[in-house]
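So the protein lines, in turn, are chains X and S.
The first sequence runs 1 to 425 under the numbering used here.
The second sequence runs 1 to 425 under the numbering used here.
Treat the hints loosely; a few may be bogus.
Chain copies aren't distinguished; within one or between two, either way the pair holds.
Unchecked claim - Here are the simulated SDA-like cross-link-like pairs (lysine to any residue), alpha carbons at most 25 angstroms apart as the crow flies: (1) K94 x Q109; (2) K61 x P305; (3) K94 x R366; (4) K61 x T100; (5) K251 x S420; (6) K73 x Q109; (7) K61 x P233.
To be clear, the hints were calculated from the coordinates, so they are not data collected in a lab.
Each chain is listed here by its residues.
2 protein chains.
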Amino acid sequence: MNPLESLFDSLRNAQTRLALQNRQEKDAALRGMMNAIDADREEILRANAADVERARMRGMKDALIDRLSLNDKRINDIIAGIAVVIRQEDPIGKVRAGWTLPNGLFVEQITVPLGVAAIIYESRPNVTADAVSLAYKAGCAILLRGSSAALESNRTLVRAIKAGLAAGGGLADAVGLADSGSRDEIDLILAARGRIDVVLPRGGRDLIRRVVDNARIPVIETGEGNCHIYVEPGAGMAGAVDIIENAKLQKPGTCNAVETLLVHRHAAAELLPLLAVRFAGRVELRCDGPSRAAILAGCGAAFPPGLILKDAVPEDWETEFLDYILAVKIVDSVEEAIEHINRYGTRHSEAILTGDIRAAETFCRRVDAACVYTNASIRFTDGGEFGFGAELGISTQKFHARGPMGLEALTTIKYRITGSGQIRS
Amino acid sequence: MNPLESLFDSLRNAQTRLALQNRQEKDAALRGMMNAIDADREEILRANAADVERARMRGMKDALIDRLSLNDKRINDIIAGIAVVIRQEDPIGKVRAGWTLPNGLFVEQITVPLGVAAIIYESRPNVTADAVSLAYKAGCAILLRGSSAALESNRTLVRAIKAGLAAGGGLADAVGLADSGSRDEIDLILAARGRIDVVLPRGGRDLIRRVVDNARIPVIETGEGNCHIYVEPGAGMAGAVDIIENAKLQKPGTCNAVETLLVHRHAAAELLPLLAVRFAGRVELRCDGPSRAAILAGCGAAFPPGLILKDAVPEDWETEFLDYILAVKIVDSVEEAIEHINRYGTRHSEAILTGDIRAAETFCRRVDAACVYTNASIRFTDGGEFGFGAELGISTQKFHARGPMGLEALTTIKYRITGSGQIRS
């Protein structure tokens with residue numbers, strides 16, 4: 001038997017026991033985990049420094065190095081995230097619905113853990129602690145398959161996590177790390193029907209595609225975000241520019257950054273010159289004809305120094321740039337904006353900026369996406385921002401879980417039926 | 001383009017419009033459908049009689065002929081089912097949760113339709129109407145792929161349904177029938193990523209396996225039921241025999257029939273001779289050594305005429321007989337019963353018959369199944385019995401939907417976030 005398969009079995013065994021633990025027991029174990037990460041901080045940072053050093057020598061790009069790196073603040077954030085998970089209500093054992101049948105049978109729908117989850121993720125080591133804390137609180141065992149670049153960080157973190165769970169009276173075996181570094185591990189996980197109940201890929205497009213295409217077990221697709229902001233004439237243009245800037249620049253490489261700006265024809269003259277000034281030298285604009293004309297007309301002789309203005313090509317509407325690039329298009333109505341979004345969007349996060357309550361209502365009802373915003377930055381689509389303490393990722397599918405995934409995504413239900421001898425006639 | 005692919009597109013278009021209909025509009029369309037089935041009753045029965053005649057000539061077995069056959073009572077049941085669906089609350093547009101973030105952003109989780117569903121089912125034509133009424137009420141379009149044996153019945157029913165929906169002011173295009181009779185249809189459905197949001201196989205084991213193994217779109221697995229009843233000493237043996245008889249004999253070919261009886265050692269002497277008398281000439285018992293000994297000792301010279309008693313072989317514990325056969329095994333404790341069930345069961349429906357509240361509690365918490373019963377027949381695992389009016393099938397998976405599937409199984413959520421200019425810092 002492959003060592004990973006015996007790990008599947010031990011996770012299943014631990015999960016069966018974990019499913020029976022009450023909130024006090026689970027929270028005590030999570031407090032143990034929190035303390036252990038704090039106590040082993042130096043060791044974790046040393047292991048991470050070794051990973052970072054190795055990655056640098058292999059020529060990893062700066063943005064990825066940053067994603068891989070831990071420091072004192074990031075360890076503090078990890079610990080704070082666990083504390084929020086501890087404060088969350090227990091998602092297990094809730095009666096979601098209940099009723100009595102005409103024959104007297106009493107039927108209840110009760111939340112139970114989903115089972116054994118696997119997460120396959122790229123370099124961020126904070127995902128390791130986030131995923132464990134959410135899974136443990138939801139009564140699920142978790143198999144972690146991080147990237148080889150973060151192997152030492154993850155090994156050290158998982159050692160601390162398991163020791164901490166045990167010190168808190170919990171079940172260290174509910175956490176497993178797939179650390180052979182071999183690609184076969186992923187194939188074994190994706191084929192583990194009946195042994196792993198769900199797999200969550202978290203990372204770049206290629207990873208997610210590979211998992212979705214090959215999994216024989218349920219997958220929750222995450223991450224791809226071709227997101228839009230649509231601006232109406234009554235939006236208040238200063239605030240609109242702030243929101244667009246935040247959605248593009250606060251972290252351009254993330255799935256909830258804005259990629260295409262849709263502007264109502266009657267908002268273009270006011271909004272676009274302001275935006276051009278704000279983005280000059282910072283963000284390349286890929287404009288359709290009318291939006292380009294609005295910028296040129298609005299700026300006139302005062303063309304902002306450093307502004308890069310290109311003609312949009314059709315592929316721009318369907319591209320998740322993850323970069324300092326924004327596509328811009330003029331539309332004639334909220335309906336046209338909705339149609340564009342439902343055609344090109346990835347059902348992630350979409351926003352309308354408007355003063356018109358009817359337009360907001362239409363937009364929110366008709367845009368098909370996990371998160372639909374009125375008058376706010378789409379960068380809030382995040383488990384931490386939503387108050388979940390951590391997140392397992394952002395589901396872009398409709399099946400089972402949608403949007404930022406916290407505890408609820410790792411639960412399912414069981415019907416409990418209580419009778420007094422009823423038979424079916 | 002294959003005609004089925006243009007059907008996919010027209011279903012998607014209709015679903016986009018159906019998603020925006022309110023309860024009044026949807027219920028009016030369903031009333032139209034109900035009236036049309038009633039009005040076209042003779043035509044439907046004639047088409048069904050032709051299907052039945054053809055099936056008989058091809059040598060279809062009686063049980064399957066029965067499943068294929070419609071009559072006035074069954075049409076009445078179909079109509080009554082639609083009436084119950086009409087009376088159900090609208091599952092769409094419910095605020096499932098909502099909260100305000102520290103920055104003032106208001107976050108709501110709102111139920112929305114899952115999208116376009118496909119159902120691939122064997123001969124029962126009543127599934128046609130059940131699936132349409134649930135899907136329509138949930139704002140979903142539905143693609144029906146029935147068996148070739150029921151082709152004329154389904155064509156006539158779907159004609160009535162579409163005319164009825166239209167007459168009620170609804171969207172006939174939200175319903176599609178794949179009726180070329182070709183097996184390629186199934187492959188096209190299973191490959192329709194992004195065009196069909198979920199596929200529900202409903203029928204025999206082979207159909208379900210084929211769908212699960214080949215689908216590139218989300219599947220809800222249904223149906224397989226290796227179900228158990230466990231009897232404790234204080235259960236009240238007369239009532240226990242009634243429940244076991246009901247669970248085995250009320251409809252032996254269904255997934256919620258009992259297949260293995262587990263008897264506590266101290267209940268065997270009282271229960272098993274009673275059961276042997278009740279099942280003599282009707283159900284074959286496949287016993288382990290101790291249960292066989294209890295029957296022989298209890299019946300003594302009065303061995304019930306016609307009783308078939310065989311030795312159980314290991315495969316019997318994992319077999320869904322769907323027949324007049326019951327496996328019987330003695331256990332020493334509720335824990336041993338739970339262990340047996342969690343090892344051999346298919347996570348469908350499981351019951352404990354007991355007078356001991358602690359045993360019931362342990363059983364309900366630790367048995368991993370969609371439906372766990374105390375002191376009642378497991379035959380109640382059914383959307384109609386649960387009060388849903390109809391069912392899309394009984395999910396034996398944990399992902400997205402579990403147990404009898406009514407309206408809720410065809411919904412998902414959308415986050416609606418309302419702000420006043422918030423940006424992420």
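Hints, verified against the model:
In this homomeric assembly, K94 and Q109 come within 25 angstroms of each other (Cα to Cα) both inside a single copy, at 8 angstroms, and across copies, at 18 angstroms. When the C-alpha separation of K61 and P305 is checked against a cutoff of 25 angstroms, the pair qualifies neither within a copy, at 29 angstroms, nor between copies, at 82 angstroms. For a Cα distance limit of 25 angstroms, the shortest separation of K94 from R366 across copies, 16 angstroms, qualifies, whereas the shortest one inside one copy, 32 angstroms, does not. With identical chains, the CA atoms of K61 and T100 are never at most 25 angstroms apart, being 61 angstroms at best within one copy and 38 angstroms at best between copies.
In this assembly of identical chains, K251 and S420 lie within 25 angstroms of each other by CA distance solely across copies; the values are 21 angstroms between and 60 angstroms within a copy. Within a single copy, K73 and Q109 get their C-alpha atoms no closer than 42 angstroms, and across copies no closer than 32 angstroms, so neither meets the 25 angstroms cut-off. Neither within a single protomer nor between protomers do K61 and P233 lie at most 25 angstroms apart by alpha-carbon distance, with minima of 41 angstroms and 69 angstroms respectively.
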